[in-house]
Structure formats: C-alpha cells, structure tokens
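Undergrad: Chains as they are written, first to last, in UniProt numbering: chain V, 1 to 264; chain B, 1 to 264; chain H, 1 to 264; chain W, 1 to 264.
Treat the hints with care, since some could be wrong.
[To be verified] Calculated pairs, BS3-like style, for lysine-lysine (alpha carbon to alpha carbon, straight line, at most 25 Å):
id, chain 1, residue 1, chain 2, residue 2
1, W, Lys10, H, Lys76
2, V, Lys76, B, Lys10
3, H, Lys10, W, Lys76
4, B, Lys76, V, Lys10
The hints are simulated quantities; they were obtained by calculation from the structure and are not laboratory data.
4 protein chains.
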Amino acid sequence: MWLQTSCELKFDITFPTPFILMLRARSGAQQWVSREEYRIEPNVPVFEFSDAYGNLCQRLVAPPGPFCIATRTDVKTSDEMDRGFGAPFIEIQNLPDAVLHYLLPSRFCESDRFGDMATEITAGCYLGYDQVAAIEAWVRNNIRYEPATSAVPASAAEINQRGAGVCRDLAHLGIALCRSLSIPARMVVGYLHELYPMDLHAWFEAYVGGRWYTFDPTQPELRGGYVTIGYGRDAADVAIYNQFGPPVIPIVQHVEVQRLARPD
Amino acid sequence: MWLQTSCELKFDITFPTPFILMLRARSGAQQWVSREEYRIEPNVPVFEFSDAYGNLCQRLVAPPGPFCIATRTDVKTSDEMDRGFGAPFIEIQNLPDAVLHYLLPSRFCESDRFGDMATEITAGCYLGYDQVAAIEAWVRNNIRYEPATSAVPASAAEINQRGAGVCRDLAHLGIALCRSLSIPARMVVGYLHELYPMDLHAWFEAYVGGRWYTFDPTQPELRGGYVTIGYGRDAADVAIYNQFGPPVIPIVQHVEVQRLARPD
Amino acid sequence: MWLQTSCELKFDITFPTPFILMLRARSGAQQWVSREEYRIEPNVPVFEFSDAYGNLCQRLVAPPGPFCIATRTDVKTSDEMDRGFGAPFIEIQNLPDAVLHYLLPSRFCESDRFGDMATEITAGCYLGYDQVAAIEAWVRNNIRYEPATSAVPASAAEINQRGAGVCRDLAHLGIALCRSLSIPARMVVGYLHELYPMDLHAWFEAYVGGRWYTFDPTQPELRGGYVTIGYGRDAADVAIYNQFGPPVIPIVQHVEVQRLARPD
Amino acid sequence: MWLQTSCELKFDITFPTPFILMLRARSGAQQWVSREEYRIEPNVPVFEFSDAYGNLCQRLVAPPGPFCIATRTDVKTSDEMDRGFGAPFIEIQNLPDAVLHYLLPSRFCESDRFGDMATEITAGCYLGYDQVAAIEAWVRNNIRYEPATSAVPASAAEINQRGAGVCRDLAHLGIALCRSLSIPARMVVGYLHELYPMDLHAWFEAYVGGRWYTFDPTQPELRGGYVTIGYGRDAADVAIYNQFGPPVIPIVQHVEVQRLARPD
C-alpha cells in the first residue's frame, strides 16, 4: 500500500539549542520512498550524516523563537508483514558479523537479567521464530498499554515490574527477552497506518531463519502499513530528536498517516 | 539559492535488466534537500543501500517494455563556492584516514603517470590550493570542451593526448594531476545551474587546508549553483546508472535545473 | 615504555560453546603493537572481524573438554598520559559525526538520570576538561573500590547508590556523569602496568578540546602504562569474551604486565 | 598447514618520507594468525587504521638514514584451496551490497573494454565458476609469466597486448575479464608457500555461488599455502607500501615462507 506520513514538531526556543534529528525515512529492503518533504523554519543550516546503524540524521542549531520541523513522505510499504512460523534459531557461529551487535544488552534492554523469564515464556517452543512469537504474545497479554505517565524513560526491567507501558516500553521488553535467548533483536521507530491514537510508533524486529522479522506487542495482531524511520539497539539510539542544553518541550507534535489512492 | 533539479531517463527494455542507480541527492555539509520525488514506472521493487563512499544507490530489475526513472529535487545550495587561495598543502601524515583513499590512482585517473606534468604546471605555486587552481586553469585553457564523440570512456592520459573531452574527462585530468602531487582529489557528479547545454555535470574537489574545495575546469570561472548527487574516485564510482546484461540505450535523458523563488 | 601483556583464560567446557572474544590489542594512535601471540587450544577454527567500534573480535565454538585462550603482546605505550586542563567543551554542533554516538545513554551508563548530580559536582568548573577532571576526582573520592561481590553486573545508577564498585563500575559512573553534561565519553578495557592486584582493567576517555583524553578514577593519579584492547559505549560493548549457551566459568584467568627493557 | 611468513624491506632515506604500509596479515575467514612481529627501525611513531576494504594499514614518516621494516607471521592456512566447479553465477540483483563494488572497472582493470574477449573465452561454459576457471586457464596459457621489465605499472589492457607480465598483471587481466561478465572479482596480495622465485605474490578471487573463490593464473594448478595480506579492487588499492615525495627504492626486499612443523 501507498501511505503518506507526516510529522510536525513545534518548539518555542529560548537559547540557541543544538538538535540531532532522525526524521528522514530511508528507502530500504522493505519500503520505497517516492516523495519526501523536510521543512525547517526558520531555515537554518542543516548537516546530514549516517549514524552507526545507517540511519540518516540531521544536525542543526535552533535559534531563539518559534521553531518548526515538518516532514511529509509518500512511501510504499507492505500490505501485510511476513510471518515466519518455523523459521529456525540461527546459531551464534552462523550469524552475520553485522548482526552480533544486536545480541548485547543496551540502555533500556537489560537482557542480562531476563534469561530465566524468557526460558519460561518460551518453554516448549520450537527454537527461533516461534520463541519470538511467544514472547510477543506474552508481552501483549501481560503488559498493559498505557499512555505515558512519567517523563523519565523506563527500562525493560522497570516496565516488567510496573506491568504497563507505552509502545517503546513493550518493544524494549520484547527485545530484552529475545536477546536473553541469544536471538538478535532491534528497535524500530516509525509510523503505523491506523494506529490509534495516531502518533509516532515503536516496535521490534528479531533475526531468525536468516532474516529480520517484524513484531509488535502493542497491536492485537500483525498487519501491514509499517513505515520505518530508524533502527537501533533501543530507544536511546533512535530518538526522533535529541536536544542538548536546557530541556525544550515541543508545543506541537502532530503525526498523520494517510492512505494514498495509488496502485501498488 | 534554492534550485529545483530534475532528471528523467527513459529506456525501451527487451530483457529483464538489472540496474544500479545513483540519482538521489543527499543532504550534506554543502546542500540541503527539502523536497524530493523519485518515480519509477512501472513500479518495480527497489532496494536502496549506501555504497563505500556514502552515496545512496538504488537497485532494481527493469522489466521488458518502456521503463522510466524520474527524479525531482528542491535543494538549497551556495550562491558562491568557496575559494581558498593560500590554503596549504596537508602533509600525508596529517591527512585524515578517510581521505587517503583519494590519493590512489583509479580507473580513469592514472595519477602514477602525471608527476612530471603536474610539477611543471604548478611550478612556482605556493603548495596547496594554489597548485590546484593552477591545474584547473591549465586544464581549462589546454583541453577543449567537446561533446562526446565516442561511446568508449577515455582516461585522463587519453584525454591529455587527445586535447579535448567532456566534463568528466576534464575532471579526470584535474584529479590525476592533483593526486600525482599527493593532493587528495575526488570526482563529483550532479547538477549545475545555468549549465549550457543543460545536462548532468561532473567536476572535482581537492583536499587542501583541511577541507574539500570545489574546482570546475569546464566553466570560465567558479560560481554557485552546484548540486551534488555522488562522490567517488572517478566516473567508474559515480555512474548515474550502471546497467548489466546486453546494453540498453536511454531513449530519453532529460535534465532540468530551475531556480526557485524562495528566500534562502 | 615497552610492555609485555599477557592474558590466559582456561575453561572446562561441557557443551560446544560459541564465544566472541575481544583480546587482540590493536595498534592505533596511542600504542604500537610490535609482537603478538594468540594461542587457542585445542586449535579450533577462528573467524576474526571488526565490530562497530573498530575492535578486532574473534568468533569460535569451544569444543567439550579443557579449553585455553592465551594472548601475549609486546606493545609500546606512553610513559605518561596527556592531561588537558583548560581544554574546552566542544559544542554539540562542532563534534565530529563519529563521536555523537558517545553522548547517548547505554546499558550501564544511564546518563539520562545524572544531570543534576553532574551539574553539582562540576559547579564552578571551566567547561570541558576541568569538568571531567572534577567528575574523576569525585568518583575517586566517593565510590569505594571494592573487589566484585556479585556476579550480576551493576549500572552507574546502582553503583552510585551502593557507593562501591570495581574498576568498570567506577568508569561507568564517570561516563554517565560526563554524558549528562553533553561531553562524549567512552569505555576502555585493557591493561595497566603495575595495577594491583593485577588483572584486566577498565577506565574511560572523554572528548574535550577536540580529542580523547584518558581518565581513571580507580588510580590515585594518572600515570602511563595503559594498553587498550577495546573501546565501546560501556562494558556491554567491550566484554573480553561473550559466551553463549549455558554459562561457563573460567577456571583460570591469569593476567600479567611486564616492563620490557627496550629503548623507546 | 602452518606457515611462517616474513618480509624485510630496507631503504636508504634522504628526506623525511611518509609511508603507508600494508604488511599486517589479518586473521579472517580463511586464515588464523597466531603470532606476529612487526619491527620498524628506527622506532618512529606509527599510526594504524583500517582502510575502506578492511585492511590494516600503518602510517609513519621515515627519517633520513637507513630505515628497515620487518614483519614475521605464524599463520594457519588451508592445505588446499576450495574449487567450486558448477557454482552458479549470482545475478546482479542477488549480490550482497558490499560485493557490488567489485563489479566496477578500476585503475588496472579496464573491464569496460573486455566484454567481447571474455565472452569468447568462456563460450559454452556453465555460467559462474566454470567461466572464471576458463578465464584463469586462458590467462595461464596465453600470457607468459615474465619478471618485471619496466618500472611503469601496466594495466590489463596493456598486458593483454604485450602477452607477458608478472603475477599482478596476470591477476589484473583475470579480474578485468571476470568483471566484464558481471562476475565480481578482487585482487589479493600476500604470500604463497613454495612460490619460485620467492617474493610477495598477487592472485585474484571471484564471487560465484555465494562466496569468494581463489584463482591464480601464475601457478600450473591451484594448491594450498596462500596467506592474504590485503584485498582491493586492484594493485592500486593493495600496495605493500605507498611512499610519498621523491621516490625511494628499497635496497633490500627479502621475503620468506617456511612451513612450521606444527599439527593443524
């Protein structure tokens, strides 16, 4: 399907404020960007670079006054995400070098502390995709989706105790559980068609059967319409924006995803 | 200044034909892409990746029949390119690791064969920018710009003998001469505002005084309005498209660059 | 000074066990490896690769039975580490792209939670090196060095509460405090001449004044004799070995650092 | 088999002379370095980095006077190189991104000019490994191995005309022919056990059937005992040393490869 995604952020800046943005969806194996706009007002100099994960990031210094960032993207994405029941666990020695990184614990995914829990959740599963599907189902059924109640970001261990979280929290828990079983897992941020309430979204991917598969514990079942903005080890790597200096709160954060009437 | 660049390529394909395209201008230190379209008809699957130089490339297989690739980009670029007379030669031991690559000879820049000639052209120059400026002037004054007369690509040594060439040929000769003096130099392809006749363009950059500077031996003097699509060691690295299998000739190659009435 | 470092690890393996090792000190800007041995017994196939930080890593599967890894390296390193009092804070917009990564929170360095504490510790400091020196001194004076009492790795926040830790813990706290002030900081593992008790060691580096400087809160004052094995965001990235499957405990871990009588 | 390779280079330096060396064999998928020495006399500062192909390179400035570089390596390598008759041609659209680079023409491999010749040489071959084997046999039988008669490096096209060359020349011709058929091919430099006369050696690899295979047109038949120092597009990328400034000729270049009496 063809989607048009848009994201508008507005700030009221007091001091010159450095930002690193990650708002440019890239074409890749799973999506094709055919049209894109990226407006910054006022129109300050912007420097773009690729981070260690291949995400396109933009650096700028926002001047005092109203500051607006607006992106809009026409992108073709899958009508349905692939499922891979039966796709086998890949033994460590056979994983590609570039994937090993996603086995390590990270800021919000303390995979070093979830071994027993993951083993229990996946007891009896065929090793690989089916384990990840069991983890996804467990998170979906045991961690309540709840709009953010705290400004302090929580880690997988904290979310597990709390029993509730937002999309990034559920993804973190899924990732931590996978890695504790030596299954590479990574965070994805982006858009999802018909997400309710509409906002930026986060989900995760796990590497089984020789490729990455999509999992989303916040949705009742996996469907299509995902648009990726960035990949990373967890939310620390894929913030839509990192802002430095005295904190600045967005006064507007508006996200839209519309289906385009265009043949595939 | 703000420019809108567009490029349209049309082919008549007989057999399924793999292409690797390099037609996506990237935002970077010297330009900002605010809007972009990339249309492919028919709409086959496309896979995008970054090559070894950081260029965004697109892979696809064109099906038999008419095949069209069309890109359009709104981009902010400099009104004037920086000149750097007096910028010093950087000694090899002080060059950044990532730049060393651009000292080596390459397919179309046999820098190993231009040492004496470069020494002669730059005799008496202060080492660094002024040497490159002397090389640029020498190429401008001694190699006649001439529309392509042969389908076989020529190297710097061949162009030097022939005394004439197209923009990529003049750039190759400039690059080969710089490298023979241990000055890193690289090829750039992209667009130039008010190029006549309008087409895709090629020029070069040299690394002196701790940064890359732009040089263009095809133009009477350096002005602004350059839009970069890709960087590489020479034209072999930055083909707008590489096509594999039986050769396919574009039946249309249409390029436009328009100035947008937009404040900077 | 010239040092000979050696590290011997012995395991008693029950099941075929995948390992990823990071035990190959690399020559770099700050050290020169002139001789190196890397013995693995029994002599199974080993595959070497560079990780995302440029560290050389070795992959292998240890077979059941006794398993030994032994490395020995002759390396030239500095007699004294540079200090840089007065070296200025580099504003975010001026940091190299490759350094930005080291501003982010990571598994064991929850820099998102140390802003107030770091501001207090560094109150009145000139921005940059002097802030990091104040952090190093604070950690040295307030966190007791204490041999490991728990198998569970602790994070900077946990160590700060506990008031005691091993070298990696003190480094994590230093890193978290630096990053919370927007100063890039990274973990280093390796050897230190005359460390007591002798073992592998961990310290940190901070990026101020346009380069990386060494800090070590476990030592009463900074001296020379450091040999780097690997760099990373924190201990999760630079484990000397990651082992997968049922846990395997080393039955021997023997480390030596000897000064070689060789002119510099 | 276990080999001990050594290489000694001696220069008589007049002016301070920057060098970039590539003399550190790396452990990798096909060899394991268990012991290594790298001596530089006098003992100037050396900076090591990885180039764009992953080769470890060393930068230094040689001071006036006698200058010596000596490396010695104990390395385990294959007794026999794999052959892969029947391994299929990989279609462009299925090649890994990182391999595409090796399809392009390069300084000494003008693959853009060998299409007809390669088609003729491989007429009737099953597409893939068998084509490369036919190319290897053709070069072996038609280009006479001849010690270097000229200081000026020759390209594949020049060697083909001349009908004679050294090992790097034969490899270049093999590579150019492969690439003209859209088979990725790369240059390898290193050591070969029982090469006669003993020296550094060059051969090539081609990517068919989903992996790299070794080919060596200078040897009557493929055997084991290869030790890789570096990979690149051609000799321009994998010079054992690049020296800058007024040319400096090695007064000694001594290479040895000895079999070690060690069980595999």
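Undergrad: Determine for every hint whether it applies to the structure shown.
TA: Each hint, compared with the structure:
| no. | hint | verdict |
| --- | --- | --- |
| 1 | Lys10(W) / Lys76(H) | holds, 22 Å |
| 2 | Lys76(V) / Lys10(B) | holds, 22 Å |
| 3 | Lys10(H) / Lys76(W) | holds, 22 Å |
| 4 | Lys76(B) / Lys10(V) | holds, 22 Å |
Going down the numbered hints, you'll see the structure goes against none, and every one checks out.
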